[in-house]
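Protein chains: 2
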Amino acid sequence: MKACGIVVEYNPFHNGHQLHADQSRTVTNSEIVIAVMSGNFLQRGEPALLPKQERAEMALRSGVDIVFELPYQFAVQHASIFAEGAVKLLDAAGCSSICFGSENGKIEPFIQQLQLEKDQRPELQHKIREQMKLGKSYPAAAAESYKQLFEDQSQLDLAKPNNMLGYQYITAVDVFSDKIKPYTIQRTSSQYHDESLNHSFISSATSIRKKIFEDGVESVKNHVPESTYSVLDKYLGNHGQLLNWSSYWSYIQHILLTNSPSSLERIYEMEEGIQYRLIEAALDSRNFGEFMHKVKTKRYTWTRIQRILTHLLTTTTKEEMQSNHSPAYLRMLGMNAKGREYLNLYKNDFTLPIISNLNRNHHEQCAIDIRAGRAYAMGYSNPIKRQEMIVKDFKSAPVII
Amino acid sequence: MKACGIVVEYNPFHNGHQLHADQSRTVTNSEIVIAVMSGNFLQRGEPALLPKQERAEMALRSGVDIVFELPYQFAVQHASIFAEGAVKLLDAAGCSSICFGSENGKIEPFIQQLQLEKDQRPELQHKIREQMKLGKSYPAAAAESYKQLFEDQSQLDLAKPNNMLGYQYITAVDVFSDKIKPYTIQRTSSQYHDESLNHSFISSATSIRKKIFEDGVESVKNHVPESTYSVLDKYLGNHGQLLNWSSYWSYIQHILLTNSPSSLERIYEMEEGIQYRLIEAALDSRNFGEFMHKVKTKRYTWTRIQRILTHLLTTTTKEEMQSNHSPAYLRMLGMNAKGREYLNLYKNDFTLPIISNLNRNHHEQCAIDIRAGRAYAMGYSNPIKRQEMIVKDFKSAPVII
Numbered sequence: 000m001k002a003c004g005i006v007v008e009y010n011p012f013h014n015g016h017q018l019h020a021d022q023s024r025t026v027t028n029s030e031i032v033i034a035v036m037s038g039n040f041l042q043r044g045e046p047a048l049l050p051k052q053e054r055a056e057m058a059l060r061s062g063v064d065i066v067f068e069l070p071y072q073f074a075v076q077h078a079s080i081f082a083e084g085a086v087k088l089l090d091a092a093g094c095s096s097i098c099f100g101s102e103n104g105k106i107e108p109f110i111q112q113l114q115l116e117k118d119q120r121p122e123l124q125h126k127i128r129e130q131m132k133l134g135k136s137y138p139a140a141a142a143e144s145y146k147q148l149f150e151d152q153s154q155l156d157l158a159k160p161n162n163m164l165g166y167q168y169i170t171a172v173d174v175f176s177d178k179i180k181p182y183t184i185q186r187t188s189s190q191y192h193d194e195s196l197n198h199s200f201i202s203s204a205t206s207i208r209k210k211i212f213e214d215g216v217e218s219v220k221n222h223v224p225e226s227t228y229s230v231l232d233k234y235l236g237n238h239g240q241l242l243n244w245s246s247y248w249s250y251i252q253h254i255l256l257t258n259s260p261s262s263l264e265r266i267y268e269m270e271e272g273i274q275y276r277l278i279e280a281a282l283d284s285r286n287f288g289e290f291m292h293k294v295k296t297k298r299y300t301w302t303r304i305q306r307i308l309t310h311l312l313t314t315t316t317k318e319e320m321q322s323n324h325s326p327a328y329l330r331m332l333g334m335n336a337k338g339r340e341y342l343n344l345y346k347n348d349f350t351l352p353i354i355s356n357l358n359r360n361h362h363e364q365c366a367i368d369i370r371a372g373r374a375y376a377m378g379y380s381n382p383i384k385r386q387e388m389i390v391k392d393f394k395s396a397p398v399i400i
Numbered sequence: 000m001k002a003c004g005i006v007v008e009y010n011p012f013h014n015g016h017q018l019h020a021d022q023s024r025t026v027t028n029s030e031i032v033i034a035v036m037s038g039n040f041l042q043r044g045e046p047a048l049l050p051k052q053e054r055a056e057m058a059l060r061s062g063v064d065i066v067f068e069l070p071y072q073f074a075v076q077h078a079s080i081f082a083e084g085a086v087k088l089l090d091a092a093g094c095s096s097i098c099f100g101s102e103n104g105k106i107e108p109f110i111q112q113l114q115l116e117k118d119q120r121p122e123l124q125h126k127i128r129e130q131m132k133l134g135k136s137y138p139a140a141a142a143e144s145y146k147q148l149f150e151d152q153s154q155l156d157l158a159k160p161n162n163m164l165g166y167q168y169i170t171a172v173d174v175f176s177d178k179i180k181p182y183t184i185q186r187t188s189s190q191y192h193d194e195s196l197n198h199s200f201i202s203s204a205t206s207i208r209k210k211i212f213e214d215g216v217e218s219v220k221n222h223v224p225e226s227t228y229s230v231l232d233k234y235l236g237n238h239g240q241l242l243n244w245s246s247y248w249s250y251i252q253h254i255l256l257t258n259s260p261s262s263l264e265r266i267y268e269m270e271e272g273i274q275y276r277l278i279e280a281a282l283d284s285r286n287f288g289e290f291m292h293k294v295k296t297k298r299y300t301w302t303r304i305q306r307i308l309t310h311l312l313t314t315t316t317k318e319e320m321q322s323n324h325s326p327a328y329l330r331m332l333g334m335n336a337k338g339r340e341y342l343n344l345y346k347n348d349f350t351l352p353i354i355s356n357l358n359r360n361h362h363e364q365c366a367i368d369i370r371a372g373r374a375y376a377m378g379y380s381n382p383i384k385r386q387e388m389i390v391k392d393f394k395s396a397p398v399i400i
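Protein chains in written order, with numbering that gives the first Met the number 0: chain A, 0 to 400; chain B, 0 to 400.
Just so you know, these hints were derived from the structure itself, not from any lab. Heads up, some of the hints might be wrong.
Because identical chains share one entry, a pair is satisfied inside a single copy or across any pair of copies.
[As the list claims (entries may be wrong)] Each computed BS3-like pair below joins lysine-lysine, with the alpha-carbon atoms no more than 30 Å apart: (1) 384 with 293; (2) 391 with 233; (3) 1 with 337; (4) 384 with 209; (5) 233 with 295; (6) 295 with 394.
All figures in this text were calculated on a predicted structure; none of them were measured in a lab.
Please put together the full structure from these sequences, using the hints given.
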């Protein structure tokens, strides 16, 4: 049985994700699609709408065969570390291919770009450093440097966000996997950042979330797969709340107002004295939106600040992040019958152990994920739901479809 | 003008406090009564019902002439450090007497007890250590040791809470003041811990708070001075909320679930691995009451745990508490016309500087108090009231009656 790996966040699972999963199976000629998915906190430094278990269920009910969790220390990260963690997990789980969506839609320009970069890496790094000295953020500096160096030779437009992310997968595969072959499919319609829910078949996750918070879950019924709608609707009925940064604002404000700048400095990614800026803004903001608009600059992007705040909320320190270089386990969030068959056949060949049910033995390995689950739980205003969520990581078995 | 000092918390100011202030003036034959009052957090490790400025106003409108704030590092402390801070401030402000309420009601037994203790200090300390080895809390061990050593010779029953607290004032005066003469008046009627609001003239602060949270401010109207009722009523109308530990439970739970035991150990009074016990209870409690009942033991008294939680909420560390041995300023919360006259006459003789309006120059000195004020603000669920309270320490001028 051939398995294709995909890297996802599903916040929430939508029609574009459905298409991506289906096409990945087809173009790679695989029987199995394995998704590596961010847990309760996402790459752009945001709490997910609903927990990882429910997001895995959406995907499994729409045809994905197995969902593993991308641990926090790879998920809430720059694209390069995110890609490295995901590729290592897919490799460990026996995938022979990876398939990602990109604006470009063809794999050759990615391969060619990788060769160009390998040939000119010192020049590239020099250029990026120069651009950052001008006050640009890393993503902006990298995009500008790629453009200056490779524009004439490359067919790949790395200013497009999904081309850039895909290129990180290509790079990670090149370094960390001997057996994975990369594929890409054309990303259609909505851009990630699109905020309006249009009438096309595929709406962006951003526009779907916005619509849900403005008009309720019912309003997106026709824009998402049935599985997504029913999981969202049931979850909201049971828990009374979907989560976003607003639910965590008071915790962030409390931390910033009661900790010294030097103690805040031990938090991962808290660099260049940005904690002084965060404290000043926290003293003078009534909600998360006000706070973010006070903090954001050209250099400190929205995403970078959100990631810092996520580490602050979960008390994730530089010290512990520096001691985690490679994934140590495959945390199984769920599977369908075909996924189970694949696992039974091949799991002995996996190069990482599978964790299906968390127990005390896993404390050490999964410490950050467990803590992130508990921090996530604090977003519920209902103390009973909060309590359920605090123990959820330990009580949840994988979702079986 | 002779000034008498009193040490108070006023949570809230009630008829017994009124009697105490009036009698203190009479028995010491003073023109001025100066109160040193705990700030937003109290000696027993609790957030006050309402901020220090409003509590000072209640007292000033009932005849107290000047209110100074007892800084956090002396207020949220064992009785001996609490008494030391208060006596040093009263001495610095020129008081020639101190007057406290006690169950005993006569000063001679206190003086005699002090002499007895001075003569037998090593034996006393040895006994207290022995009692603590049996698992007793410090207050219980001290009470038992005093009883065993001095019962036959002393007329003072130190098992009575106000006798014990008064005895701390006597001890502090003996060590830290040459000019203060101690007086005591008989404490009548309700004990501090009484929870039922009875029909006598004097109701305990505990019973008044309980009644307010159960039945609203209106229900205590006839049990408190008019000034207290009107300040409470107005404050509640403006802020929609009086504060207690329930308002801070989610912050405590968040801190306990996202910090490592070793990082919690830097918090003041976090000793003997009690952080493990706190974390375990936080994982399994839906509210503050449940949590406290899980944590409390014979050795870890309710008060001791609450003080630890207050330090946790304000991130007050062992390191900073150890570096603060003596009050550095007199923070003026308010005064009446007579208080102002006294100040104009004598403030040049004061041995500590007066801070009336906080500004950037005071940051270093008042760092813990400013932080405590901000932590206190986080208890308001309304983000606009929270914001007002965050800056209140800087924006408030002293209350002038």
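- Query: Given a CA cutoff of 30 Å, do residue 233 and residue 295 count as a within-copy pair, a between-copy pair, both, or neither?
  - Reply: neither (36 Å within a copy, 39 Å between copies)
- Task: Could you figure out if residue 295 and residue 394 sit no more than 30 Å apart (CA to CA) within one copy, between two copies, both or neither?
- Result: between (39 Å within a copy, 27 Å between copies)
- Status of residue 209 relative to residue 384 across identical chains (alpha carbons, at most 30 Å): both (23 Å within a copy, 28 Å between copies)
- Query: Is it within, between, both or neither when you check residue 384 against residue 293 at 30 Å Cα-Cα?
  - Reply: For residue 384 and residue 293, the Cα distance is within 30 Å only across copies (20 Å; inside one copy 32 Å).
- Up to 30 Å between alpha-carbons, please classify residue 1 paired with residue 337: within, between, both or neither. This pair counts as within: shortest intra-copy Cα distance 12 Å, inter-copy 90 Å.
- Item | Intra- versus inter-copy proximity for residue 233 and residue 391 (alpha-carbon distance at most 30 Å) | Within. Shortest intra-copy distance 17 Å satisfies the 30 Å Cα cut-off; inter-copy 44 Å does not.
Hint compliance for this structure: hint 5 alone is broken.
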